[in-house]
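Peer 1: Here is how the chains run, residue by residue.
Protein chains: 4
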Amino acid sequence: MFVNRRAVTIEWGDCDPAGIVFYPRYFAMFDASTSYLFSAALGMTKFDMLRRFEVIGYPMVDTGAKFFIPSKFGDVITIETQVTAFRRSSFDVEHRVLRADGQVAIEAYETRVWAARHPEDPDRIKGVPIPDEIFTKLSAGN
Amino acid sequence: MFVNRRAVTIEWGDCDPAGIVFYPRYFAMFDASTSYLFSAALGMTKFDMLRRFEVIGYPMVDTGAKFFIPSKFGDVITIETQVTAFRRSSFDVEHRVLRADGQVAIEAYETRVWAARHPEDPDRIKGVPIPDEIFTKLSAGN
Amino acid sequence: MFVNRRAVTIEWGDCDPAGIVFYPRYFAMFDASTSYLFSAALGMTKFDMLRRFEVIGYPMVDTGAKFFIPSKFGDVITIETQVTAFRRSSFDVEHRVLRADGQVAIEAYETRVWAARHPEDPDRIKGVPIPDEIFTKLSAGN
Amino acid sequence: MFVNRRAVTIEWGDCDPAGIVFYPRYFAMFDASTSYLFSAALGMTKFDMLRRFEVIGYPMVDTGAKFFIPSKFGDVITIETQVTAFRRSSFDVEHRVLRADGQVAIEAYETRVWAARHPEDPDRIKGVPIPDEIFTKLSAGN
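Chains as they are written, first to last, in the working numbering: chain C, 1 to 142; chain U, 1 to 142; chain Z, 1 to 142; chain X, 1 to 142.
No wet-lab data here; the hints were simulated from the structure. Among the hints, erroneous ones may be present.
Identical copies go unnamed one by one, so any copy, or any two together, can satisfy a pair.
[To be verified] Calculated lysine-lysine pairs in the BS3-like style (CA-CA distance at most 27 Å, straight line):
hint, residue 1, residue 2
1, K126, K137
2, K126, K72
3, K72, K137
4, K126, K66
Okay, chain C solo, but in the shape it has when bound (with noise of 0.2 Å):
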């Protein structure tokens, strides 16, 4: 599968009281990371990505974390994102934080749905099936 991988520089905004990253930051990032993930698989950015494609983009259906070490600001995180598994209209995607001395700081999930606006009622999104070119794409090696 291809992998991104790329930096993250934790900034004071990202931190709470205790002085280390709010969870819910993290989820941010991972969605960012997935975004470059599909990103640099297609080259091209989300924008074009959903326009290209006529989807409202990959909304989120099950996602979970465990933290094991926490960060603070001013650290450099690397976050590793690769698709694990497609199936017609979703797909699974994993991360891994890594700290500068290469321990494994997080370990996250998600599940995907790849969806379009339904087309008998705007307000509602439905999946559709994954293009076969963004399952080749994100499937080939880097």
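Add chains U, Z and X to chain C, keeping to what the hints say.
Peer 2: What follows is chains U, Z and X alone, placed relative to chain C:
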């Protein structure tokens, strides 16, 4: 167990370009819901609780959520929160998000550790025993 | 002018490692306060307002705030919000944050534009005239 | 004055239902930009800076921004940041956001206070003199 219910109005700034809640915002709402649960059961703010019990908080060690129905800005959801298990220095929390029509929109779980500064290294944190008062008041009915 | 007052409890996740509110969070509170002002005056959610008036919102063009007294998690503040001027397609808003003892903690201003999708380029937005109903209801007393 | 420039990719989670950046997110970016400016000039993280100078940070006392051009997810902006004035215990910062085509999208200002815990009441904070090293390194050219 003591249960806390609170209404949350979904705000414009909670939502993403698909017009639905950006899911990391739910984790921020859940974190606040856990605090409101403790505040309601103990009769004090989290600020006062941390001082009284000489801890830095209850950092997250494991959390996840399943998302069944999206919400959009202007929607009012109810978040129901309770502790489901206490151990020596950690505890489990469950959140259920209910829509106005009573449907369950999200189910989430948390495992948190009751934590203090490490006595030998103030940069680290360590689990400490959960006080009886916390156990008793959060375990009681409403 | 119509004034909206709402109580906001400062949450752990609103605060930074200094233990006080991370100031960008105040701007998110102010944005919500402007929405609550409109919702209260018009009797509809922002979602319904955008549909009814066929606009994309009221993007910010100029905002600022002076911070006199910090707040910490557990504090309950009151945010008072009102429109102070209407022009053809823009308007000014003022927010005052009051602490429990009545002291003014923050004063903020906003200039926003009443905006729709550009008719010839849906990627752009343009100011459009503020409807009479908006002007009338927000200008009336409570 | 020392100037820091950094590229920021606008993320899906930075944007609102209108598809453009939710403006409080810009203030979070600016807060980080001020930290990156200090880190670059001093050669240390904000975490290390706070320890070294025994302060709790540089809380905001006055900030504002004018928004000329909106940005959307996938856009890459450049934020240019510099201190424009130093006083005994406060200083002014300016940020300019430039789009890829060089156009100025946002201009922002900040006045911050160099602050420590109050010696007689650790719940309060007070301005303290800005160290010479800070003044010298931030005032120097790059």
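Peer 1: For every hint, state whether the structure bears it out.
Peer 2: Going through the hints against the structure:
1. K126 / K137: within (23 Å within a copy, 38 Å between copies)
2. K126 / K72: Classified as between: cross-chain Cα gap 16 Å, same-chain 39 Å, threshold 27 Å.
3. K72 / K137: between (35 Å within a copy, 25 Å between copies)
4. K126 / K66: between (29 Å within a copy, 17 Å between copies)
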